[in-house]
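Visitor: Residues in the sequence shown are numbered consecutively from 0, following numbering that gives the first Met the number 0.
If you are wondering where the hints come from, they were derived from the structure by calculation, not from laboratory data.
Be aware that one or more of the hints could be misleading.
Label pairs and their calculated CB-CB ranges [claimed, not checked]:
no. : residue 1 : residue 2 : range
1   : D195      : N257      : 33 to 43 Å
2   : T187      : G218      : 23 to 33 Å
3   : E238      : D144      : 20 to 30 Å
Listed next, the in silico DSS-like pairs over lysine-lysine satisfying Cα-Cα at most 25 Å (straight line) [said to hold, decoys possible]:
no. : residue 1 : residue 2
4   : K120      : K70
5   : K120      : K179
6   : K190      : K153
7   : K190      : K179
8   : K61       : K120
9   : K48       : K153
10  : K48       : K70
11  : K179      : K48
All figures in this text were calculated on a predicted structure; none of them were measured in a lab.
Glycine included, each C-beta is placed from N, C-alpha and C at the ideal position.
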Amino acid sequence: MKKMVNNFEITELWKSFFLNITFCIRIPKHYVQTVGRSTVPGAYDRSRKSAVVRSISSNYSKALSSYFGTKTPNQEEAIGSHNAYVTALRAHGTEVTVLPELSNFPDSCFVEDTAVMVDGKAIIPNMGHPTREGEQQAVMDHMSDFAEIIRMPKGAKLDGGDIVFFDDRYLVGISTRTNKEGADFLSTFIKEDGYDVEFINVPDTTLHLTTVCSSPREGTVIAAEGHLEESQISRFAEEIIWIPNNESYASNTIGYSNDRLIVAGGFPKTKNILQNEGFRLMSVDMEPIMQADGSLTCLSVFTS
Numbered sequence: 000m001k002k003m004v005n006n007f008e009i010t011e012l013w014k015s016f017f018l019n020i021t022f023c024i025r026i027p028k029h030y031v032q033t034v035g036r037s038t039v040p041g042a043y044d045r046s047r048k049s050a051v052v053r054s055i056s057s058n059y060s061k062a063l064s065s066y067f068g069t070k071t072p073n074q075e076e077a078i079g080s081h082n083a084y085v086t087a088l089r090a091h092g093t094e095v096t097v098l099p100e101l102s103n104f105p106d107s108c109f110v111e112d113t114a115v116m117v118d119g120k121a122i123i124p125n126m127g128h129p130t131r132e133g134e135q136q137a138v139m140d141h142m143s144d145f146a147e148i149i150r151m152p153k154g155a156k157l158d159g160g161d162i163v164f165f166d167d168r169y170l171v172g173i174s175t176r177t178n179k180e181g182a183d184f185l186s187t188f189i190k191e192d193g194y195d196v197e198f199i200n201v202p203d204t205t206l207h208l209t210t211v212c213s214s215p216r217e218g219t220v221i222a223a224e225g226h227l228e229e230s231q232i233s234r235f236a237e238e239i240i241w242i243p244n245n246e247s248y249a250s251n252t253i254g255y256s257n258d259r260l261i262v263a264g265g266f267p268k269t270k271n272i273l274q275n276e277g278f279r280l281m282s283v284d285m286e287p288i289m290q291a292d293g294s295l296t297c298l299s300v301f302t303s
């Protein structure tokens with residue numbers, strides 16, 4: 000005899016279905032919220048609501064400059080570029096906190112290297128260059144007000160400049176500044192929050208992964224020719240925008256929603272390439288920052 004299903008049972012079945020189905024909605028802090036019983040990790044959000052930067056050190060002329068540097072870093076010129084950088088972030092809606100300069104640390108304006116944010120956690124690394132060890136304390140003092148501080152163990156080293164946020168994963172560069180132990184330690188926390196990790200070998204001629212790579216919008220990677228191989232990126236990216244090797248510096252960008260993009264000024268080929276891809280550009284003169292091996296992303300940590 001066939002069992003008859005009454006209206007009450009049908010109603011209960013539908014209720015159960017809707018309680019367990021996942022509706023994904025993009026929200027800040029790099030999560031996709033589900034309507035129902037759970038929250039699942041999702042795509043990196045490029046809203047970039049807040050950031051921390053640090054003023055140019057009074058000893059900036061002593062900053063490391065072995066990769067891009069063509070002359071001694073100039074503090075006064077760098078302050079001008081830094082101010083323009085902060086203005087550009089704020090013009091895109093980012094709330095910027097400017098921390099005071101650290102005279103004992105010439106490279107301390109490159110605050111990106113001192114912390115990696117993983118959904119409410121600030122992973123504080125051991126710096127990849129010995130002269131920069133010690134910069135982290137002032138960053139921890141500030142971030143402890145809003146983030147859980149996690150220190151990297153001895154023997155592991157990592158610079159935040161080797162981290163690129165890409166949609167549902169973190170790209171982690173293995174470089175002269177980031178070793179496998181540091182990358183593995185960071186990846187533990189990344190995976191705990193449900194993100195994937197892609198390890199990318201960075202050639203010794205390149206400072207950091209972010210030096211030659213950025214992700215301006217969903218599914219897309221901007222990469223510098225001659226520094227990364229297509230096979231390193233194509234396994235996860237839907238689109239690769241290649242920047243000519245002689246303008247490789249310009250592959251470091253800061254992307255916002257609606258194809259808005261902050262770029263380094265003075266690179267006409269890159270400007271044409273990116274405009275043809277539909278990006279709306281705001282450029283910043285980065286020459287004084289480039290003198291100390293710095294790029295756009297080096298100057299900030301996005302905290303939400």
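Visitor: Taking the hints in turn, state whether each one holds.
Guide: Status of the hints after comparison with the structure:
The supplied range of 33 to 43 Å is broken by D195 and N257, whose beta-carbon atoms lie about 26 Å from each other. Separation of T187 from G218 is about 26 Å and conforms to the stated range, judged on CB atoms against 23 to 33 Å. About 38 Å separates the C-beta atoms of E238 and D144, a value inconsistent with the hinted range of 20 to 30 Å. About 38 Å separates the Cα atoms of K120 and K70, which puts this hinted pair outside 25 Å; it is violated.
Restraint check: the Cα-Cα separation between K120 and K179 comes to about 21 Å, which is no more than 25 Å; the hinted pair holds. Annotation: proposed proximity of K190 to K153 holds, straight-line Cα distance about 21 Å (limit 25 Å). As the CA atoms of K190 and K179 are separated by approximately 16 Å, the hinted pair is consistent with the 25 Å bound. For a cut-off of 25 Å, the pair hint linking K61 to K120 is broken: about 32 Å separates their Cα positions.
Proximity of K48 to K153 is assessed by CA-CA distance (about 33 Å); at most 25 Å being required, the pair is judged violated. At most 25 Å may separate the alpha-carbon atoms for a hinted pair to count; K48 and K70 exceed this at roughly 35 Å. Distance restraint check for K179 and K48: the Cα-Cα separation of roughly 31 Å exceeds the 25 Å cut-off, and the hinted pair is therefore not satisfied.
The structure fails to meet hints 1, 3, 4, 8, 9, 10, 11 from the earlier list, while all remaining hints are met.
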